[in-house]
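For reference, the chains in residue letters:
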Amino acid sequence: MAEKLGIYVCHCGSNIAGMVDVEEVARWAGKQIADVAVARDYKFMCSSLGQQMIEEDIRKLGLTRVVVAACSPHLHEKTFRRACANAKLNPYLCQLTNIREHCSWVSTDREAATAKAKALVYAAAERVKWQQPLEPMPVKVNPRTLVVGGGIAGLQATLELADAGYEVYLVERSPSIGGHMAQFDKTFPTLDCSACILTPKMSEVGQHERVRMLTYSELEEVSGSVGHFRVKIRKKARYVDENLCTGCGICVEKCPRKVIDHEFEAGLGYRKAIYTPFPQAVPRIPVIDTQACIYFERGKCRACEKVCPTNAIAFDQKDETIEIDVGNIILATGWKMFDCRRLPQYGYGRLPNVYTNLEFERLCNAAGPTGGKIVLRDRKTEPRSVAIIHCVGSRDVKTNEYCSAVCCMAALKFGHLVLEKTKAKVYSFYIDMRTNQKGYEEFYQRLLEEGMIFVRGKVAEVTDAARLPSEHGQLIVQVEDTLLGKQRRIPVDMVILMGAMEPQADAKELGLKCGISCSMAGWYTERHPKLDPVATMTDGVFVAGVCQGPKDIPASVAQGAAAAARVQALITKGTVMIEPVVASINEEACSGCRICNNLCPFNAIEYDEDKGVSRVITAMCKGCGTCVAACPAGVISGAHFSNQQILAEIQGALWDANPNGNGLGGDGHASSAGDTQPSLVAG
Amino acid sequence: MSDKNAFEPKIIGFMCNWCSYRAADLAGTARLKYPPNIRIIRVMCSGRIDPTFVLNAFARGADAVMVAGCHPGECHYVDQNYKAMRRYAMLKHTLTQMGLEPERFRLVWASAAEGQQLAEAITQLVEAVRPLGPLHWSGNWEENGHRHEALESILKEHEAAMEVTE
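If you read the sequences in order, they're chains P and C.
My numbering puts the first sequence at residues 1 to 683.
My numbering puts the second sequence at residues 1 to 166.
Simulated from the structure, these hints should not be mistaken for laboratory data.
Glycine included, C-beta positions come from ideal geometry on N, C-alpha and C.
Each hint should be verified, as a subset may be incorrect.
[Stated by the list, open to error] With a straight-line cut-off of 20 Å between C-alpha atoms, the simulated DMTMM-like cross-links for lysine to aspartate or glutamate are:
id	chain 1	residue 1	chain 2	residue 2
1	P	LYS43	P	ASP57
2	P	LYS508	C	ASP79
3	C	LYS33	P	ASP109
4	P	LYS78	P	GLU135
5	C	LYS33	P	ASP21
6	P	LYS573	P	ASP325
7	P	LYS425	P	ASP464
8	P	LYS140	P	ASP325
9	C	LYS33	P	GLU111
10	P	LYS513	C	ASP79
[Unchecked claim] Label pairs and their computed distance ranges (CB to CB):
id	chain 1	residue 1	chain 2	residue 2	range
11	C	HIS93	P	ALA164	55 to 63 Å
12	P	GLY249	C	ALA30	51 to 59 Å
13	P	PHE44	C	ARG31	14 to 22 Å
[Unchecked claim] Chain C stretches covered by chain P per the calculated footprint, using a threshold of three residues with CB under 8 Å from any CB of chain P:
id	region
14	65-74
15	112-122
Model the full structure from these sequences, guided by the hints.
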């Protein structure tokens, strides 16, 4: 091969040069590796000067291949590919090898790290010689977008896109949009009423001409890729005809069956068997709960059907599957409440006056089951003292290690509401107060002044076992006050547990459908934790709101808007270029064994019955290369990850190894390694 | 690293682009330390790892090979890591029968968030392989008389595989 290689070794300031002798690596590469026309080291290869250097070398020396030894390809592969493209070298003839994250940063011995860097450079140089010029493939972007989840993040994303003139499908699992925010009473730190700021957004979405809402629906299946996703949505049977229902609510009124509402009212209130989750629900079309409905239980009743003025009740309705085509997907699926029963020492579910935060939200909500009166479970006694326990299911290795981010502020809000509405004493049992957003610290100071009592310590137990006569009938909070250094027993009437935010139970499953992964805790993984917090590893799939990690309302709104902006950018551009890393089958040589057909999870391999060969549907191939590895005839090739490329990389990476030592005998391939000493440099 | 003559194994790591390669990136970003013996080769998916690659690495003088992918159920390509897992099981079986110490070939699952776990796995692999010394395959066969046993066990395996079980 008459290739001309350029090798560029980056210092990355002292990030690489501090542990790897980069000058030596460059000098060595120039001498050791065949076909190297130039080998240089430079302070910051990714800087414009570094890029210019590469571009000039390509132009002046006529380089045909470029190897950059620097950081992870996930960080700067695009940068160097662009530099090559600027100098009219096909960007896929550039190989970035990672001597920072995989070498200098993880090593402690300079000599060994330098030897490792050499091997990595050698591997990249051997590989790049086999690389082929490739062209990214243009794909048209469907201007429609799918938003999954009708909470505040999803609503914001929907509105941003719809207002910008694009059509949006909004899929929501429950019968109404609104999400958790619809359940809340006040919002911190401004204390404006949650419903007052949310419901206008909900009705705006409900009435928007470019939004198609699919409530009481779930995402079943996603296929395709950025620009052209095909999505299957299961629309669950409401048993109410959406086209006929006017939302008058008479069916709800006349329904004879009342059941505890474990969803919207968090178990504190009741709903009918036919219901809308809350009065301001969007859409206002009710749903029949088949578990509760007398007709579904015994085959008679049909009271709702009799009273409905528009004959909208449809007991024979079935689940429907709808298929839609969209260009991008925004996941805003939110969170679920931690089950406080998992920490039995706090007595939730056993001691009646222990509440969860969501229950308390309903309790003090003017539209809630008590009309906003803060009372104990007997529905009449006002508590004289209230304990708020932080970090229930958060910051605890036994449950969730992460901080749920909002509970400190929510606890302060609860404290304020209790102090405002009752004469009770309010205790906050916290580990650390976290009030690090605009106006939050001020709110904390305000609560200190209002007389909320703060006890620093993790509560050991909440019990009703009184030791003193004065404790009878009360709940006793046992805690180590770490500021006093003392054990304390504090009797109270009511306990509120600040339960953690947890990922939705099916978050992983949904992530898998969309091709994105979750963190260990179960939150969706963003493309970059700092620089790309709404995109994901799958192009065209974005995340917004708490499904990406615990956050408060302003952050969810910001992320919803950010995701929408990213989608708009793709729509406005019209086409996206996708990586040409795909498989292709040499039909001449294919025997038609069809082993590859079933291996492909994307059904991207079709079988041509007439010719008796398999064929890759390029638009559907995602480039995993499983079929390439499996083809018994070796006639499937994977662009940019071909067998030759990887085998050459192995050879390069083992340039200093001793194949004779393993008893298999040298096979003559390691030609350049033959004349170097077979000592164990990596040591 | 004080003893320059001590044996240091050379290890090839095949890592998938989405989870394990990123876990290795994370280990770097977090400045975790692990021995410099591993040289990582990026593939798009652990399902891309052709058994030939592993054999080739051993043939070219690697003392150990690590295959790393996303956790089962978390594959970026739906379930291709299961295919890697099956290939690994079969290849490991074959390699062991051929006289390779099982410690030299390892499958690891590491999500993009598990830099720590990956660094630990690499350290463990290096520590497990160091006492074995260089891969000395034919030597193993001859010196330990493994050849006969290995052939016997291969025959038995084949017989067992021929029997159809419900």
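Verification of the supplied hints:
1. P:LYS43 <-> P:ASP57: holds (17 Å)
2. P:LYS508 <-> C:ASP79: holds (14 Å)
3. C:LYS33 <-> P:ASP109: holds (10 Å)
4. P:LYS78 <-> P:GLU135: holds (14 Å)
5. C:LYS33 <-> P:ASP21: holds (18 Å)
6. P:LYS573 <-> P:ASP325: With Cα atoms ~18 Å apart, LYS573 of chain P and ASP325 of chain P stay inside 20 Å; holds.
7. P:LYS425 <-> P:ASP464: Holds, at about 19 Å.
8. P:LYS140 <-> P:ASP325: Judged against 20 Å, a Cα distance of about 12 Å means the pair holds.
9. C:LYS33 <-> P:GLU111: holds (15 Å)
10. P:LYS513 <-> C:ASP79: Given that 20 Å is the threshold and the Cα spacing comes to 11 Å, the pair holds.
11. C:HIS93 <-> P:ALA164: 55 to 63 Å: Holds: the Cβ-Cβ distance is about 57 Å, inside 55 to 63 Å.
12. P:GLY249 <-> C:ALA30: 51 to 59 Å: holds (56 Å)
13. P:PHE44 <-> C:ARG31: 14 to 22 Å: holds (20 Å)
14. 65-74: Coverage by chain P holds for the region 65-74 of chain C (3 residues, Cβ < 8 Å).
15. 112-122: holds (count 4)
Of the numbered hints stated above, none is contradicted by the structure.
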